[in-house]
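Respectively, the protein sequence lines represent chains A and B. Start counting at 1 in the first sequence, then tack on 47, and there's your number in this note's numbering. Start counting at 1 in the second sequence, then tack on 6, and there's your number in this note's numbering.
Check each hint, because a few of them may be wrong.
[Claimed, not checked] Far from chain B by the CB rule (all over 12 Å, computed), these chain A residues:
| id | residue |
| --- | --- |
| 1 | SER113 |
| 2 | LEU114 |
| 3 | ALA126 |
[Claimed, not checked] Here are the in silico distance ranges between beta carbons for each label pair:
| id | chain 1 | residue 1 | chain 2 | residue 2 | range |
| --- | --- | --- | --- | --- | --- |
| 4 | B | ARG115 | A | THR147 | 14 to 22 Å |
| 5 | B | PRO31 | A | PHE77 | 15 to 23 Å |
| 6 | A | ARG82 | B | ARG115 | 27 to 35 Å |
| 7 | A | GLY74 | B | ARG244 | 31 to 39 Å |
Just so you know, these hints were derived from the structure itself, not from any lab. Note that the coordinates shown come from a computational prediction; the quantities given were computed from them, not determined experimentally. Think of the CB as a built atom: it goes at the ideal place given N, C-alpha and C, for glycine as much as any other residue.
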Amino acid sequence: MNIYLLLVTIGMVLATFLTRAALLLVGQRFKLSPRVEAALRFAPVCALAALIAPEIVVRSGTVDLSLANSHLVAAAAAAGVFLWKRSMVGCIVAGLLVLTAFRLGTGG
Amino acid sequence: MGGRAFYRDPAWREELRRGARSVLPATPGVVAWGLVTGVAMVKSGLAVPWAILISLTVYAGSAQLASLPLIAAGQPFWIVALAGFVTNMRFIIYSASLRRLLETYSLRRRAVLGYFTGDFTFAMFMERANREGEFADRDAWFLGACWFNWLMWQIASIVGIVAATAIPAAWGLQFAGTLALLALAIPACVQWPALSGAAVAAPVAVLARGLPLGLGLIVGIVAGIAAAVLVDAMVARRK
Numbered sequence: 048m049n050i051y052l053l054l055v056t057i058g059m060v061l062a063t064f065l066t067r068a069a070l071l072l073v074g075q076r077f078k079l080s081p082r083v084e085a086a087l088r089f090a091p092v093c094a095l096a097a098l099i100a101p102e103i104v105v106r107s108g109t110v111d112l113s114l115a116n117s118h119l120v121a122a123a124a125a126a127g128v129f130l131w132k133r134s135m136v137g138c139i140v141a142g143l144l145v146l147t148a149f150r151l152g153t154g155g
Numbered sequence: 007m008g009g010r011a012f013y014r015d016p017a018w019r020e021e022l023r024r025g026a027r028s029v030l031p032a033t034p035g036v037v038a039w040g041l042v043t044g045v046a047m048v049k050s051g052l053a054v055p056w057a058i059l060i061s062l063t064v065y066a067g068s069a070q071l072a073s074l075p076l077i078a079a080g081q082p083f084w085i086v087a088l089a090g091f092v093t094n095m096r097f098i099i100y101s102a103s104l105r106r107l108l109e110t111y112s113l114r115r116r117a118v119l120g121y122f123t124g125d126f127t128f129a130m131f132m133e134r135a136n137r138e139g140e141f142a143d144r145d146a147w148f149l150g151a152c153w154f155n156w157l158m159w160q161i162a163s164i165v166g167i168v169a170a171t172a173i174p175a176a177w178g179l180q181f182a183g184t185l186a187l188l189a190l191a192i193p194a195c196v197q198w199p200a201l202s203g204a205a206v207a208a209p210v211a212v213l214a215r216g217l218p219l220g221l222g223l224i225v226g227i228v229a230g231i232a233a234a235v236l237v238d239a240m241v242a243r244r245k
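Can you build the whole structure from these sequences, using the hints too?
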């Protein structure tokens with residue numbers, strides 16, 4: 048039994064339930080102020096940016112903003128394809144193709 | 007409930023079916039997203055039984071993908087849960103709109119409908135409610151839409167989880183999760199406040215990544231939200 052993964056799962060189930068159902072359960076007594084609502088509106092995009100940026104620019108523990116960073120080039124290509132085609136699948140395929148090209152080119 | 011059970015009522019059951027049919031157009035997107043999430047979970051190192059358990063219980067694609075690099079890095083469980091919570095915060099906004107339409111139903115039914123809310127089911131439900139107001143048996147319609155969406159998602163996700171074990175790690179599919187999140191982030195950046203938030207959150211999270219307990223992520227998110235709220239207020243003042 049992996050206690051760590053069990054705690055992660057329980058925590059994530061709570062995150063799912065609290066964000067989706069908590070307001071439905073407390074009824075109309077509890078109101079969101081416009082400022083809180085604005086913060087809630089921007090939180091997900093900030094979380095996405097904060098999550099993916101290190102995955103893309105940090106390689107082997109250091110920041111690599113050069114064209115030798117395969118993750119950076121792959122993400123740029125994926126973003127370009129997404130802006131052009133508006134397709135998530137296209138975005139993923141483009142990024143993975145660039146990664147594969149890098150791997151074949153460097154042998155690693 | 008008293009008397010005849012609600013689920014035996016033909017009108018209720020008809021709304022349940024109509025709800026399920028209404029989300030059919032979204033199925034290709036749900037299936038693709040579920041497959042990517044399933045594959046990425048296994049390729050990031052999660053064992054198949056854990057990946058299936060998390061898929062069935064957490065039921066939140068972007069939060070699941072967000073958790074993967076944090077789990078792989080062994081971050082504390084509460085940081086992983088907090089990241090999932092923040093990624094899911096759009097649902098708090100959704101539920102603020104749903105509340106008025108569902109407030110007449112029992113606590114238990116509201117809890118069930120809330121838990122199963124998805125992005126597309128919410129959008130379709132609000133679209134119909136905006137046309138027809140508080141239409142009869144809307145709980146059945148919503149439940150039908152949510153149930154069908156849940157089923158399609160779980161089938162795709164579990165197919166992805168099982169198929170991933172046959173895909174060589176060298177294909178680099180663990181990066182597919184990051185690319186999927188990128189495809190979610192880009193359209194969310196269409197307006198200045200959100201773009202500013204992302205532009206601040208990303209470098210701050212990178213620079214703060216060495217903080218203990220995975221707090222670098224939280225620092226990045228908080229800095230991003232602060233920037234977005236500030237720019238939002240500036241934009242509002244200029245109008």
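What hints, given by number in increasing order, does this structure fail? 3, 4 and 5
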